[in-house]
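Asker: The lines below spell out each chain.
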Amino acid sequence: MNKLLPALAVAILYVLHQDLWFWRTARPLVFGFLPVGLAWHGAYCIAVALLMWWLTRVAWPANLDDHR
Amino acid sequence: MIPAVIVFAYLAVVLYIGIFAFRRTPHGGAQEYFLAGRSLGPAVFLLSLFGTNMTAFTILGSAGHAFANGIVTFGLMASSSAFIIPLTLLFAGTRMWALGKSHGFITPVQMFRHRWECGHIGTAIFVVQAALLVPYIIIGVMGGGTALTGISGGVVPYWLGGAIVAVVVMSYVFFGGMRGTAWVNAFQTIMFLSFGAIAIFVIGRGMGGYAAAMNTLLSSPATAPLLTRERISPLFFFSYTFIPLSTIAFPHIAIFCLTAKRMVQFKRTVIFYPICILAIWLPCVFLGVAANSLRDVPRIEQKLEARAALASLPSSAPADQRASLRRQAAGDDVVLVMLDRYAPLWLAGLLGAGIMAAVMASDSQILALSTMFTQDVFAFYGGTARFGEKVQVQTGRVFVVVLTAVAYAIALRVPQGIFDLAVQFAFSGYSALSPLLFAALFWKRSTKWGALAVTLWVAFAVIYTSQVPGALAWYGLMPVVPMTLTSVVLMVVVSLATPAPSTATVGAYFRPAGQ
Chain B
1 MNKLLPALAV AILYVLHQDL WFWRTARPLV FGFLPVGLAW HGAYCIAVAL LMWWLTRVAW
61 PANLDDHR
Chain R
69 MIPAVIVFAY LAVVLYIGIF AFRRTPHGGA QEYFLAGRSL GPAVFLLSLF GTNMTAFTIL
129 GSAGHAFANG IVTFGLMASS SAFIIPLTLL FAGTRMWALG KSHGFITPVQ MFRHRWECGH
189 IGTAIFVVQA ALLVPYIIIG VMGGGTALTG ISGGVVPYWL GGAIVAVVVM SYVFFGGMRG
249 TAWVNAFQTI MFLSFGAIAI FVIGRGMGGY AAAMNTLLSS PATAPLLTRE RISPLFFFSY
309 TFIPLSTIAF PHIAIFCLTA KRMVQFKRTV IFYPICILAI WLPCVFLGVA ANSLRDVPRI
369 EQKLEARAAL ASLPSSAPAD QRASLRRQAA GDDVVLVMLD RYAPLWLAGL LGAGIMAAVM
429 ASDSQILALS TMFTQDVFAF YGGTARFGEK VQVQTGRVFV VVLTAVAYAI ALRVPQGIFD
489 LAVQFAFSGY SALSPLLFAA LFWKRSTKWG ALAVTLWVAF AVIYTSQVPG ALAWYGLMPV
549 VPMTLTSVVL MVVVSLATPA PSTATVGAYF RPAGQ
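Protein chains in written order, with the numbering used here: chain B, 1 to 68; chain R, 69 to 583.
Derived by calculation from the structure, the hints in this document are not laboratory data. C-beta: ideal position from N, C-alpha, C; glycine also.
Calculated lysine to aspartate or glutamate pairs in the DMTMM-like style (CA-CA distance at most 20 Å, straight line): (1) 512/R <-> 185/R; (2) 335/R <-> 65/B; (3) 169/R <-> 185/R; (4) 169/R <-> 65/B; (5) 169/R <-> 100/R; (6) 329/R <-> 65/B; (7) 458/R <-> 100/R; (8) 329/R <-> 100/R.
Only some residues are given here: those of chain R computed to face chain B with a beta carbon under 7 Å: (9) 147; (10) 151; (11) 163; (12) 278; (13) 282.
Partial chain B-side listing against chain R, Cβ under 7 Å, derived: (14) 23; (15) 24; (16) 32; (17) 37; (18) 41; (19) 42; (20) 56; (21) 64.
Given these sequences and hints, build the entire structure.
Answerer: Quick look at the structure:
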């Protein structure tokens with residue numbers, strides 16, 4: 001696979017970490033108690049896990065395994 | 069005392085695991101003691117790598133930071149780490165593993181010396197790495213003292229709590245080496261991953277639900293900003309994404325990457341790492357924020373009053389008065405206070421053991437420093453050739469004892485918050501050292517002189533920023549940003565101006581495509 005797509009996905013996730021859109025607001029409280037900014041970053045961790053799963057399929061450095 | 073008894077039982081179990089590992093360990097010399105024979109399986113590798121990177125401030129410091137600063141703590145330290153650390157493990161960690169396997173490296177400095185064909189420059193890198201690692205070890209002792217004092221309700225004084233934790237950690241590192249440390253870390257990770265879910269449920273029930281607590285905080289102008297990030301500039305927030313670069317540059321993480329039996333073990337690790345971060349940090353940060361609503365808890369009310377007094381203090385106020393108020397307002401023990409208030413005694417003990425699990429993460433750093441000393445100094449300067457590998461391992465064990473004693477002595481005298489100490493010295497310094505690793509692994513043209521320039525720069529920058537408040541904090545960024553970017557520039561400029569390593573050496577690291 002082209003390296004561009006994984007690189008683009010990584011760049012997008014990096015930008016999404018800087019969530020200016022929830023900067024000055026606590027509401028809505030997700031599940032009735034979780035400030036939205038905190039909920040965003042919790043969901044962000046799950047998105048990163050999915051990204052890593054995908055990267056290990058499309059960008060796994062398999063050539064290193066026989067480097068030795 | 070019931071929680072303290074449970075915690076002491078937990079410490080005994082941890083000690084047993086370390087010594088059990090010692091009895092199960094084939095006595096095969098340095099590779100076995102320092103790297104567990106490069107044979108760790110997938111579950112231990114994942115759990116232990118995560119546990120290795122979780123320190124006292126994961127639970128105590130993060131809750132304390134969130135108590136003072138609000139939900140921003142999670143974005144600053146947790147979600148940025150959840151993103152950067154797996155990425156660096158995936159691309160740099162796997163490469164280090166492969167090179168370690170093919171060249172027999174045990175430490176990063178061994179690789180740097182070989183990669184850049186240098187000797188004493190490697191020693192300079194060792195000195196800076198070691199100096200930056202010591203504060204990280206001290207954090208563990210401090211956290212142990214704070215946690216045991218809190219869990220025992222003050223019956224165990226700070227100095228004794230720190231001593232007990234130091235002795236337990238020292239013992240299983242001394243006997244078990246990397247295998248013992250990895251097994252203990254895996255066990256501890258399970259403990260503190262369980263801690264978050266149980267603590268949030270028990271405390272939430274005791275508080276009568278979190279919705280009311282959040283609405284209480286939102287109704288006051290003094291506490292509502294804790295639920296947003298309006299007090300933090302986006303640039304400052306952005307600059308924190310540079311801090312997790314430190315992880316792959318930390319010797320204990322780099323060394324740990326070499327312990328995997330097969331490279332495929334990195335796959336599961338990078339996928340589950342963000343989930344583990346979420347499971348442990350989210351409850352701690354949330355509880356730290358929620359603690360601000362507990363004005364009816366005297367110990368928390370005192371902290372809030374101290375914080376208010378600190379905010380209204382005139383700039384001409386004496387420094388010791390300011391420091392005293394800061395100490396009173398510090399929230400490193402808020403989770404312990406909440407457990408004390410809302411959890412039944414036996415459960416508080418179990419949860420306290422979960423806290424101890426995170427607090428005792430200094431084991432890997434102690435072992436790493438011992439590994440570095442014996443490999444990068446003792447062996448490099450002829451010790452192993454002269455006295456044999458058995459003496460090398462014994463030297464490593466003696467080093468573990470001496471290092472722990474020194475860290476404990478310093479911990480009794482350094483009155484600084486856990487979080488500040490970690491960020492100020494170790495994290496920023498190692499982030500700024502990360503270009504060394506990336507250049508060695510990915511840039512053919514990098515040279516030993518570029519590496520020396522980066523090392524000297526980092527040593528200077530860490531001393532400078534620790535002595536001059538606000539130094540290098542340009543345009544509202546944290547010092548870690550200019551420190552790291554300057555490292556990159558120095559590596560590039562100095563490398564291009566100096567002769568490259570030999571073709572044979574470069575060829576051992578970078579194979580042409582198709583071969």
